[in-house]
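Start from the sequences, fold in the hints, and give me the full structure.
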Amino acid sequence: MTWDIFTVVGTIAFAISGAIVAMEEEYDLFGIYILGMITAFGGGAIRNLLIGVPVSALWEQGEFFTIAALSITAVILFPQNLLRHWPVWGNFFDAIGLAAFAVQGALYAEGMNHPLSAVVVAAVLTGSGGGLVRDVLAQRKPALLRDEVYGVWAALAGLIIAVGGAETPAQLIILFMFITMLRILSYKYSWHLPKRTVKF
Amino acid sequence: MTWDIFTVVGTIAFAISGAIVAMEEEYDLFGIYILGMITAFGGGAIRNLLIGVPVSALWEQGEFFTIAALSITAVILFPQNLLRHWPVWGNFFDAIGLAAFAVQGALYAEGMNHPLSAVVVAAVLTGSGGGLVRDVLAQRKPALLRDEVYGVWAALAGLIIAVGGAETPAQLIILFMFITMLRILSYKYSWHLPKRTVKF
Amino acid sequence: MTWDIFTVVGTIAFAISGAIVAMEEEYDLFGIYILGMITAFGGGAIRNLLIGVPVSALWEQGEFFTIAALSITAVILFPQNLLRHWPVWGNFFDAIGLAAFAVQGALYAEGMNHPLSAVVVAAVLTGSGGGLVRDVLAQRKPALLRDEVYGVWAALAGLIIAVGGAETPAQLIILFMFITMLRILSYKYSWHLPKRTVKF
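Residue numbers (this note's numbering), protein chains in the order written: chain A, 1 to 200; chain B, 1001 to 1200; chain C, 2001 to 2200.
Note that these hints are calculated values from the structure, not bench results.
There are no misleading hints in this set.
According to the in silico footprint, chain B covers these stretches of chain C (three or more CB under 8 angstroms from chain B):
id, stretch
1, 2048-2059
2, 2114-2121
3, 2128-2141
4, 2182-2196
Every residue gets a Cβ at the ideal spot worked out from N, C-alpha and C, and that includes glycine.
Put into structure tokens, the structure is as follows:
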């Protein structure tokens, strides 16, 4: 139940983030809906594909589609001066989505007895795969691969679940809050991973 | 039988459109064939993936591969002054492909008892998914997400089929002609969906 | 056994090539690992998808993941003056990977009694699909579609296997060496396929 609330928050955050990227790129209304839906559901679809759940399991999430579509509609109708606050609120919601989706993705993969590497990948892809596809379709360099620390927190959630570090509902909620907080701190204080560049 | 003709026309149109994008981007011969084939068959592959048909069902369409490969070869050999007419003819053929593929994709998904949302998505992806992958591989912003009204007509076809608005072969042919016509009008009169942009 | 060595060499070469592209694009450490892993395993994942093997078969390759991760770590730690030699050595290793993966992909598809076209596609995708995804995620025009002759050699390997031109281990090793050599020559002498461009 509590968990469902986080998933709803995450779905809304991801749908809105896709819609806003489409608006920034001057895509049309159809493009805004498509990019919003792909950002919200793309991560789960890729995760299903990689861990061996039929991708078509997507279609059982009827209410989530409705929630995502309504969120996108709301963003389209929002006056510009309300949208201005998105970068602040958006990152807060997005952090909740990242953490909730990462935890769920990892639990999913672990429930199928996949090895540690698959659990971590499932956490990362469920948490951030939608944003990756969003960036590719908007012709942007994927934020996941170069901006503030993001995917690493999803990987950390996966790792902790894979080694049995969080199992009871209470432990999972604590893990969720911990990951959410780390992501918010990363954004707020512009934490970056080191880079190693090369030129030939 | 009539239906097969539309599919053939659509396959040819999509294969040629991929080949021409590759030629515009100065890809080599191998790239021209690959992009042509991906545009012709990519939409169906993604649809299969999302609605739960094995993607490998692709390989049963032997003759269509041959047709697509021959079309691409023809385009490569065409003199430049014939190719000049492509933007006009190409959009006509492409409209037939969009409508034929959208109707087929929707029927496919409906035959598997998927919910309305899946039927609409299957129509959109089968009709326009190949063009989406084509644009990503050519490093272009997807035309589907921002140019004249395109994907919406595929979605409309899916919606009409999902609510039982076209079931007999005669009704389906009428739907097909209706969608083709709407797409041709969109292109001819540069119909655009509204945009909602945002800047931060 | 011999075969395993080639696969290991190919995995290392592909992982390093992805990591180096990420470093060139100034992606962060997380991005470097992700792009390296996707380049090493993406081709096999796409091939599995298209020929009907569960994509989740990926997770059975535990040691290869470790090898790829260690290779990426090594590249990150390498001093700049050693990395300078990568373009030369890299192409040599990459040619081994292309040939080894193409042969394996083709054998895989043939073992499932797929038609000739699927065997050729499996060879091309296993050999070069990882590089294709790498380029899309780095926002580059795919090298596969326009640079020196590359994918054609994978297709040739697939074709020879599909028509029964190489079946015994000895024949397969000869085919592997032949394809590796053709790719090295293509790079060394800048062989290009003809292009056919068009402007409207």
